[in-house]
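Visitor: Chains B and R are the protein sequences, given in the same order. For the first sequence, my numbering gives the first residue as 210, with consecutive numbering after it. For the second sequence, my numbering gives the first residue as 210, with consecutive numbering after it.
No lab work stands behind these hints: they were computed from the structure. Certain hints may be false.
Claimed, not checked - From chain R, some residues computed to sit far from chain B (all C-beta separations above 12 Å):
id, residue
1, 282
2, 302
3, 322
4, 324
5, 335
6, 350
7, 374
8, 403
9, 420
10, 584
11, 616
12, 620
13, 636
Claimed, not checked - In the DSS-like style, the derived pairs of lysine-lysine whose C-alpha atoms are separated by at most 27 Å in a straight line are:
id, chain 1, residue 1, chain 2, residue 2
14, B, 518, R, 307
15, B, 419, B, 366
16, R, 419, B, 366
17, B, 419, R, 366
18, R, 408, R, 447
19, B, 419, B, 408
20, R, 335, R, 307
21, B, 518, R, 475
22, R, 518, R, 475
23, R, 419, B, 419
24, B, 266, R, 266
25, B, 366, B, 266
26, B, 419, B, 589
27, B, 446, B, 408
28, R, 366, R, 266
29, R, 475, R, 446
30, B, 447, B, 419
31, R, 325, R, 307
32, R, 518, R, 419
33, R, 518, B, 475
34, R, 266, R, 335
Here a beta-carbon is modelled for each residue, glycine too, at the ideal position from N, C-alpha and C.
There are 2 protein chains.
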Amino acid sequence: MTAEIISVGTELLLGNILNTNAQFLSRELAELGITVQRQSTIGDNHDRLADWVSEAKDRCDLLVFTGGLGPTDDDLTKETVAACYGDSLVFDPEEWEKIVDYFTRMGRQTTPNNRKQAMVPVHGEKIPNAHGTAPGAWFEQDGRCAVLMPGVPAEMKAMWTEQVRPRLLARQNCTLHSLTLRVLGGESEIEYRVRELLKNANPTAAIYCKTGESEIRITARAASDQDGEAMCRAYAKKFYDILGDAVYDEDVPGLAYTVIHTLEAKGMTLATAESCTGGLIAQQLTAVPGASNVFGFGFVTYWEQAKSKLLGVDLAVIRHYNVVSGPVAAQMARGAREASGADLAISVTGLAGPGGGDEVRPVGTVYIGGAAGDSVWVEKFHYIRLGRENVRARAAHAALELALRLLQGKAPAGCCRLAAADCDHPQALDALDRALIL
Amino acid sequence: MTAEIISVGTELLLGNILNTNAQFLSRELAELGITVQRQSTIGDNHDRLADWVSEAKDRCDLLVFTGGLGPTDDDLTKETVAACYGDSLVFDPEEWEKIVDYFTRMGRQTTPNNRKQAMVPVHGEKIPNAHGTAPGAWFEQDGRCAVLMPGVPAEMKAMWTEQVRPRLLARQNCTLHSLTLRVLGGESEIEYRVRELLKNANPTAAIYCKTGESEIRITARAASDQDGEAMCRAYAKKFYDILGDAVYDEDVPGLAYTVIHTLEAKGMTLATAESCTGGLIAQQLTAVPGASNVFGFGFVTYWEQAKSKLLGVDLAVIRHYNVVSGPVAAQMARGAREASGADLAISVTGLAGPGGGDEVRPVGTVYIGGAAGDSVWVEKFHYIRLGRENVRARAAHAALELALRLLQGKAPAGCCRLAAADCDHPQALDALDRALIL
Chain B
210 MTAEIISVGT ELLLGNILNT NAQFLSRELA ELGITVQRQS TIGDNHDRLA DWVSEAKDRC
270 DLLVFTGGLG PTDDDLTKET VAACYGDSLV FDPEEWEKIV DYFTRMGRQT TPNNRKQAMV
330 PVHGEKIPNA HGTAPGAWFE QDGRCAVLMP GVPAEMKAMW TEQVRPRLLA RQNCTLHSLT
390 LRVLGGESEI EYRVRELLKN ANPTAAIYCK TGESEIRITA RAASDQDGEA MCRAYAKKFY
450 DILGDAVYDE DVPGLAYTVI HTLEAKGMTL ATAESCTGGL IAQQLTAVPG ASNVFGFGFV
510 TYWEQAKSKL LGVDLAVIRH YNVVSGPVAA QMARGAREAS GADLAISVTG LAGPGGGDEV
570 RPVGTVYIGG AAGDSVWVEK FHYIRLGREN VRARAAHAAL ELALRLLQGK APAGCCRLAA
630 ADCDHPQALD ALDRALIL
Chain R
210 MTAEIISVGT ELLLGNILNT NAQFLSRELA ELGITVQRQS TIGDNHDRLA DWVSEAKDRC
270 DLLVFTGGLG PTDDDLTKET VAACYGDSLV FDPEEWEKIV DYFTRMGRQT TPNNRKQAMV
330 PVHGEKIPNA HGTAPGAWFE QDGRCAVLMP GVPAEMKAMW TEQVRPRLLA RQNCTLHSLT
390 LRVLGGESEI EYRVRELLKN ANPTAAIYCK TGESEIRITA RAASDQDGEA MCRAYAKKFY
450 DILGDAVYDE DVPGLAYTVI HTLEAKGMTL ATAESCTGGL IAQQLTAVPG ASNVFGFGFV
510 TYWEQAKSKL LGVDLAVIRH YNVVSGPVAA QMARGAREAS GADLAISVTG LAGPGGGDEV
570 RPVGTVYIGG AAGDSVWVEK FHYIRLGREN VRARAAHAAL ELALRLLQGK APAGCCRLAA
630 ADCDHPQALD ALDRALIL
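Kindly produce the complete structure, drawing on both the sequences and the hints.
Guide: Next comes the structure, spelled out in structure tokens:
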């Protein structure tokens, strides 16, 4: 089965808004085994839209429209597409009642224009919209279909998931089951290692790159949910066999979520001490609902005196080793743990750029610390040519990765360990500094 | 002049990546006075691409391509478009030398495939790529043009700005000058107030909505830069006349940037105390290069004991008024100022949801505090039905807005003022609480 996606809206052609609908629908259609041949964006113009539909209708089995279902004169997707599929529209009192209700609940009045939104296909089907005023529409002629959904992403996604996707699955007489693996590590390296597994027909597997990690989405088409689940599980095992514990979780939104829930499961708490990431780690942790169960204290210590006052970092250590150094990362982590009483603390000190940096510590040099039990761990990273924003994002990700690994009792290779009590001992700090510089 | 934008890449049709190039180019072309009639995305497939180019070539004056200039067999935009414009490609030793140099600098070796990237138009022009290996191309036939750029956004944007835009301007025998106003306040309200000014032909003005603010971009086409600048300035005055000091800055990336640079100009420093925003404000401030000149201390006090220990908030005040209350926001701001020694401190305490909330304090209730000189100010906001992420984003924006207004000596209307010394006085806190609850 082949499809094209059409986004209707002059505001898209002017670049006023970013088209995220096309990406969402492309992923969803790919999972349904439907090949997307084109994505197009057209303005709210009757003639151009009619021309386009006439061309596209013969090229593929399914046209998926978003946008142009609103109440204004500009919104003409429904009548234009209806005509192209030999259909017409009729006023639907039931939809009109829903629209009036919706406006009443919002404390607003309908206008005569809103009646337009209650027009539905005579031969095709209306598609209920549980999250807005405009119903969608389904047209069909000679086995070729068109589906029309609203342009507002939240309304479109809900209508897709609740109404359109199930219709397409029913036509294919199958169900879909998905499983998403979250994988730590360099993106292109992960893709290379699993490349053969990405070529399968059913289940399919696709890889999406994120900051410091990748997402692998496995999707099975099967006669029942149970079969689909079993197929996904069996295929996931092939990824685990290759990637091992680089796979850190399944079906979660990201690393901060897993760190929060691992802490909860272990009844432990976390604190953060951030220099170059400047609050980014705390922000990511607190973006997870329920973070307050395990996270209470975050220190953004951008200045040396803040590191000293809030975390007890020794100013002499900063002077001796540099503020961007392993000894400072170690003292920051230890200090955050002590000042907060948390079970685990993570710290970051680095040079995000664009200014600063020298031969020993170029822009992109970052030290990550972790303190738990009677130990402190420090790692060093070089993020070369990434730019300020990406250095910060990668550093935050690396700190969360260290937190997760310490919670799992698996300190990463390349990490230096120090007794917490040795964080003030010159010889121990010297050894740490040397180990990390080399 | 009319144009279409064509993004080439199967990874776009699979939804693996979000197409941000089309939005960027749409905005840029609109500024050049070129009407974008369609945006399309096609896969790396010779026949479909050739069909598409043949159709589109006759519909408009300019086709703008991104993607498909890489070294692999899949990358066939250049040869396909060349054929459609009656042109062909030839190996260019100069480009090849650049590619070899580039690989050498990166410590990598070229492969035979890379020679493909050194193929350039025979009749058309090659377009230098200063930021990657693939040169772009320009084809022309009977006054109709096609321009080919790389798909990697950073390379594409640089080539557009440095090479393609100047060519298009030279053809139009004019220059462009732009001015961007940043405006605080509700987006639809701002748009309504300036709607008549958005309909002008030259200068044009477009409004883009952001969290808690809008961006108004004024663009003039003129014979000289000087004329363009004068036209923009005169047109900007019309916006200032309507919007007054809701316009907070010009040609800056956002509010955090303006706050940092206003602090710098005044020789003042800032500290933050965040509960529900959880580090988001500190993160936004430290995303601005040079933030370390004015920002040194950020407190993420997610728990009551963190508010008490780090900021000296009275636990009895939390118990009496609720942790989400005006008195707590006031004590947080005062405490952050004292603990950091900063000239100005801002604080946030609120309910981002999804859990919690009651009739008096529904989810979305946020108190923002500011402390400077011998005063503390507190504001209350209700962000209804926004969801956790948006409540946090709006609250962070409101806190930065308060910081800016206090720096300008213009406390917002609806803000309650309290003497800093009264932050511990039961009567003063009672009065503040009542004033904000009502």
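Visitor: Residue 266 (chain B) and residue 266 (chain R) were given as a pair; does the straight-line alpha-carbon distance stay at or below 27 Å?
Guide: Holds. Residue 266 (chain B) to residue 266 (chain R) sits at ~21 Å (cutoff 27 Å).
Visitor: Does residue 322 (chain R) really sit off the interface, with its C-beta more than 12 Å from all C-beta atoms of chain B?
Guide: Non-interface label stands for residue 322 (chain R): nearest chain B Cβ at 17 Å, farther than 12 Å.
Visitor: With 12 Å as the threshold, tell me whether residue 403 (chain R) passes as away from chain B on beta-carbon distances.
Guide: holds (15 Å)
Visitor: Can the restraint linking residue 419 (chain R) and residue 419 (chain B) be considered satisfied, given a maximum Cα separation of 27 Å?
Guide: holds (24 Å)
Visitor: Taking the minimum C-beta separation from residue 420 (chain R) to chain B, is that value above 12 Å?
Guide: Residue 420 (chain R) is indeed farther than 12 Å from all Cβ atoms of chain B, at 14 Å.
Visitor: Confirm or reject the statement that residue 324 (chain R) sits farther than 12 Å, beta carbon to beta carbon, from all of chain B.
Guide: The claim stands: residue 324 (chain R) keeps its Cβ more than 12 Å from every Cβ of chain B (closest is about 23 Å).
Visitor: Grab the minimum beta-carbon distance between residue 282 (chain R) and chain B and tell me whether it stays above 12 Å.
Guide: Non-interface label stands for residue 282 (chain R): nearest chain B Cβ at 16 Å, farther than 12 Å.
Visitor: Has the given pair, residue 325 (chain R) with residue 307 (chain R), been kept, meaning a C-alpha gap of at most 27 Å?
Guide: holds (13 Å)
Visitor: Was residue 616 (chain R) rightly flagged as not at the interface, with every chain B Cβ beyond 12 Å?
Guide: holds (19 Å)
Visitor: Assess, step by step, whether the Cα of residue 518 (chain R) is no farther than 27 Å from the Cα of residue 475 (chain R), and give holds or violated.
Guide: Given pair residue 518 (chain R), residue 475 (chain R) is violated - Cα atoms ~31 Å apart, limit 27 Å.
Visitor: Are the Cα positions of residue 266 (chain R) and residue 335 (chain R) separated by 27 Å at most?
Guide: holds (20 Å)
Visitor: Are all beta-carbon distances from residue 335 (chain R) to chain B longer than 12 Å?
Guide: holds (26 Å)
Against the hints set out earlier in the document, violations occur for numbers 14, 22 and 32.
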